[in-house]
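Based on the sequences and whatever the hints tell you, model everything.
2 protein chains.
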Amino acid sequence: MNSSTYKYIDDNFNQTISDLKRLVAQPSISAQKVGITECAEMVAEELTNAGLIAKILPTSDPAYPVVIAETPDADSEKTLLFYNHYDVQPPDPLDEWESPPFEPFEKNGYIFGRGISDDKGPFIARLAAIKALSATTGLPPLKIRFCLEGAEEIGSPGFHEFLEQNKNLLKSDACIWEGGGVNWDGRPLITLGVKGLLYVELECRAASRDSHSSYAPTVPNPAWRLIWALSSIKGIDEKINIRGFYDKIRPPLQAEIDALNSLPDTDSEFKKDLGVEVALGEATGFEFRRRMIMDPTCNVAGIVGGYIGQGAKTILPATAKVKVDFRLVPDQDPKDVLNGLRQHLDENGFSDISINVFTSQHPSRTPLEDPFVNLVASTAETVYGSKPYIQPSMTGTGPQYPVQHILGVPVASCGIDYPGNRIHAPNENINLDYFKLGIMHTAELINQFGSLGK
Amino acid sequence: MNSSTYKYIDDNFNQTISDLKRLVAQPSISAQKVGITECAEMVAEELTNAGLIAKILPTSDPAYPVVIAETPDADSEKTLLFYNHYDVQPPDPLDEWESPPFEPFEKNGYIFGRGISDDKGPFIARLAAIKALSATTGLPPLKIRFCLEGAEEIGSPGFHEFLEQNKNLLKSDACIWEGGGVNWDGRPLITLGVKGLLYVELECRAASRDSHSSYAPTVPNPAWRLIWALSSIKGIDEKINIRGFYDKIRPPLQAEIDALNSLPDTDSEFKKDLGVEVALGEATGFEFRRRMIMDPTCNVAGIVGGYIGQGAKTILPATAKVKVDFRLVPDQDPKDVLNGLRQHLDENGFSDISINVFTSQHPSRTPLEDPFVNLVASTAETVYGSKPYIQPSMTGTGPQYPVQHILGVPVASCGIDYPGNRIHAPNENINLDYFKLGIMHTAELINQFGSLGK
Chain A
134 MNSSTYKYID DNFNQTISDL KRLVAQPSIS AQKVGITECA EMVAEELTNA
184 GLIAKILPTS DPAYPVVIAE TPDADSEKTL LFYNHYDVQP PDPLDEWESP
234 PFEPFEKNGY IFGRGISDDK GPFIARLAAI KALSATTGLP PLKIRFCLEG
284 AEEIGSPGFH EFLEQNKNLL KSDACIWEGG GVNWDGRPLI TLGVKGLLYV
334 ELECRAASRD SHSSYAPTVP NPAWRLIWAL SSIKGIDEKI NIRGFYDKIR
384 PPLQAEIDAL NSLPDTDSEF KKDLGVEVAL GEATGFEFRR RMIMDPTCNV
434 AGIVGGYIGQ GAKTILPATA KVKVDFRLVP DQDPKDVLNG LRQHLDENGF
484 SDISINVFTS QHPSRTPLED PFVNLVASTA ETVYGSKPYI QPSMTGTGPQ
534 YPVQHILGVP VASCGIDYPG NRIHAPNENI NLDYFKLGIM HTAELINQFG
584 SLGK
Chain B
134 MNSSTYKYID DNFNQTISDL KRLVAQPSIS AQKVGITECA EMVAEELTNA
184 GLIAKILPTS DPAYPVVIAE TPDADSEKTL LFYNHYDVQP PDPLDEWESP
234 PFEPFEKNGY IFGRGISDDK GPFIARLAAI KALSATTGLP PLKIRFCLEG
284 AEEIGSPGFH EFLEQNKNLL KSDACIWEGG GVNWDGRPLI TLGVKGLLYV
334 ELECRAASRD SHSSYAPTVP NPAWRLIWAL SSIKGIDEKI NIRGFYDKIR
384 PPLQAEIDAL NSLPDTDSEF KKDLGVEVAL GEATGFEFRR RMIMDPTCNV
434 AGIVGGYIGQ GAKTILPATA KVKVDFRLVP DQDPKDVLNG LRQHLDENGF
484 SDISINVFTS QHPSRTPLED PFVNLVASTA ETVYGSKPYI QPSMTGTGPQ
534 YPVQHILGVP VASCGIDYPG NRIHAPNENI NLDYFKLGIM HTAELINQFG
584 SLGK
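Chains as they are written, first to last, in our numbering: chain A, 134 to 587; chain B, 134 to 587.
If you are wondering where the hints come from, they were derived from the structure by calculation, not from laboratory data.
One or more of the hints may lead you astray.
Which copy is meant is left open, because identical chains are indistinguishable; a pair holds if it fits in one copy or across any two.
The calculated lysine to aspartate or glutamate pairs, modelled on DMTMM-like cross-linking and capped at a C-alpha distance of 20 angstroms, are [stated by the list, open to error]:
(1) K154 <-> E294
(2) K454 <-> D225
(3) K454 <-> D485
(4) K211 <-> D503
(5) K300 <-> D380
(6) K454 <-> E229
(7) K404 <-> D485
(8) K372 <-> D469
(9) K468 <-> D380
(10) K140 <-> D225
(11) K454 <-> D228
(12) K300 <-> D194
(13) K240 <-> D398
Pasting the structure below:
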């Protein structure tokens, strides 16, 4: 790539940061339907400013539109699709933020704010790369498309149908996904898949109202009911006891094991960052990352019942709820897990516990040997100056399954992340050095995308 | 009793209701330290208005003073003590109240408000009886004392020491306790003891901050830790597995079994009132009330961890807490239970779970054959026109143990309660007919107290 492009990225970095802060300052909390439409409009405006033709399209739930965009050049031989999302996680617990979540705060080479890393920073980085190329060497002859969802953090409801209905507008040869960046050691990290997700809320109502806790000898307690049901679902050995849960898991390929072996040990940094002394199963090294990347989970994301205020209140709650998320790996099917969960509850005497499904997404993986993976890796090596790690899957979830299956394209994640970015947690942040490297890598990748498959 | 006293109670009933509403409108939430001092002052004022000499005395925690009072007559042969408390439970969940908890609301012969039944109504009823006697026949030659606590709802911290230090000021021959009133069928109900209480908060912190739920394969989840610990403490069979928990329980006396047998079946009304179809253990009739009155419990009063807002948030919480209350029966010792709980957690691999003690109270019972019990019963029969039920113990807790052991007096509960009063829950209320009967019974009891032991 022409050094003038790099210089442009450098010279305009303050403007890029300013664009990013403006976007982060616009709340867009999909779980609470806060600021979604406003943010979609701001995203379309940013795309237009970068020279793309943007459209805001409704999904089956009009509260969560998708923003798509494309470069005007109609005769391109190849098309590169960028997937991002403009919604963010709820910011709470608010009292653990060191600065207000929607007032981006810059300090010592970092910027803090809800959604700055997941996923507004990556989006702005891509636009910055496009602007830099346009202003210097000009964009190479390819079409660039964007697709930004507004409901990714609540499990992309309607996104599958949206892709089916609009697949011609999103026809591409490859897709760059959100996520990716650098590992703890600063070497670039490319990831090739996502875990699936089944996110449910279990609720038990045992009485029509809260009562005095002296009624405990005779009145069923819904908190106890959930505790016992949850214990039966997963025991202290971390085994998930839903019948058939593990049956469809694809055994790891040798290429995947090799890739896992090539990844560095990160458990020490990880544990230090989270203040955890011993990982589950005392896992370290290969086993630690194998679990993170290849294992399904059953996580309690939230539980509540009864009196949770200050001091003591002797009540017997009428109702209790728990939010549980299952991360799934190929080829587990969220529908099977949901059916298995219902069956498990019924068979263990918990028919009184209801299940409310919030999210259901399939796992997905792009094969390690795909030529697009090589292109993403080689351009990363050029920019970062070190060989990238290639991770067979992200540890998180996104709607890659419909992109792979409806658009039929390989998907890889590269971007601006680093392991301390605290996504989904208080004090989410980006590192400005990695932000700039992510912009440069995107510019390099766009520049060389024409060579794909040649 | 002179019929002029009854007439006075009737004629002044609206004033009594107005006094009660004023007291209920003054919040006094001990768990949140809201309005305690203001309420103590209002209570002293009410006592003074009824002709008693009142004092507000500090306890070891000056935030929770005790109000004591006595009638001026110094030469009385006998002394009757009334125990009440002026603090109330927190009002939440607020959205389940049909009228604001601290704006007493009268409707169809009921008044709703936090603390109106527990325990401000009973206190005002006693004063109304004293006023009626004073204004008509005059009080008989006995001393009446009052002792009102401000921290009963948080387990009476410091009350034991207060009684030790002030036992001369509270020297009495018998004590009327809070609670008691009528059963579902309108017949008077007298209770003779209390369960003990150990109220603890268990907390598990597994990481220094919340993290993304994709970390679940390796990062310990404190909500799961609590779920497994709780499951080990009490299983679905409702058996409490803390070693030695049941060892010190006194086998029921024949007189207690006879008393239980004499009580009416209440399980149907109970279940209907709470919207519960089947009681624990499918208990009905004798077994239902035996459990309620004689069994210890382990209740989850509140549990919280992670994201409990609207919609889905994929986090792995750093911390989780559960409030657990154990109701104890003679001669269980809350200290033993606490030690057993710590030992149980440690032995089952849960040393990472901390215990914070909020309340620790011994169980207590007054013998069924005490002459004071007969007096309370016979005066009830006179007023209510039906033979009272005598219940060997309340199902709830109060600091009776120090009263029995430091003052050395028999303790019985009679008052204005009825089973639909929803104490500790939204829409707490009193029934005005039972309120008036409670006033009359108190007047009758005071009138005949001189005959005790003669």
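Right, here's what the structure says about each hint:
Proximity of K154 to E294 under the C-alpha cut-off of 20 angstroms is found in neither arrangement, the shortest distances being 32 angstroms within a copy and 60 angstroms between copies. In this homomeric assembly, K454 and D225 come within 20 angstroms of each other (Cα to Cα) both inside a single copy, at 18 angstroms, and across copies, at 17 angstroms. Taking the shortest Cα distances, K454 and D485 sit within 20 angstroms of each other inside one copy (12 angstroms), while across copies they are farther apart (24 angstroms). For the homomeric pair K211 and D503, the shortest alpha-carbon distance inside one copy (16 angstroms) is at most 20 angstroms, but the shortest distance between copies (97 angstroms) is not.
Taking the shortest Cα distances, K300 and D380 never come within 20 angstroms of each other, neither inside one copy (33 angstroms) nor across copies (71 angstroms). For the homomeric pair K454 and E229, the shortest alpha-carbon distance between copies (17 angstroms) is at most 20 angstroms, but the shortest distance inside one copy (24 angstroms) is not. In this homomeric assembly, K404 and D485 come within 20 angstroms of each other (Cα to Cα) only across copies, at 17 angstroms, whereas the closest approach inside a single copy is 39 angstroms. Proximity of K372 and D469 under a CA criterion of 20 angstroms is satisfied intra-copy only: 17 angstroms inside one chain copy versus 34 angstroms between copies.
In this assembly of identical chains, the alpha carbons of K468 and D380 lie at most 20 angstroms apart only when taken from the same copy (14 angstroms versus 49 angstroms across copies). In this homomeric assembly, K140 and D225 never come within 20 angstroms of each other (Cα to Cα): the closest approach is 39 angstroms inside a single copy and 60 angstroms across copies. Only between protomers do K454 and D228 lie at most 20 angstroms apart by alpha-carbon distance; the minimum there is 17 angstroms, versus 23 angstroms within a single protomer. With identical chains, the CA atoms of K300 and D194 are at most 20 angstroms apart within one copy only, with a shortest distance of 18 angstroms there and 70 angstroms across copies.
Taking the shortest Cα distances, K240 and D398 never come within 20 angstroms of each other, neither inside one copy (29 angstroms) nor across copies (69 angstroms).
Hints 1, 5, 10 and 13 from the earlier list are contradicted by this structure; the remaining hints agree with it.
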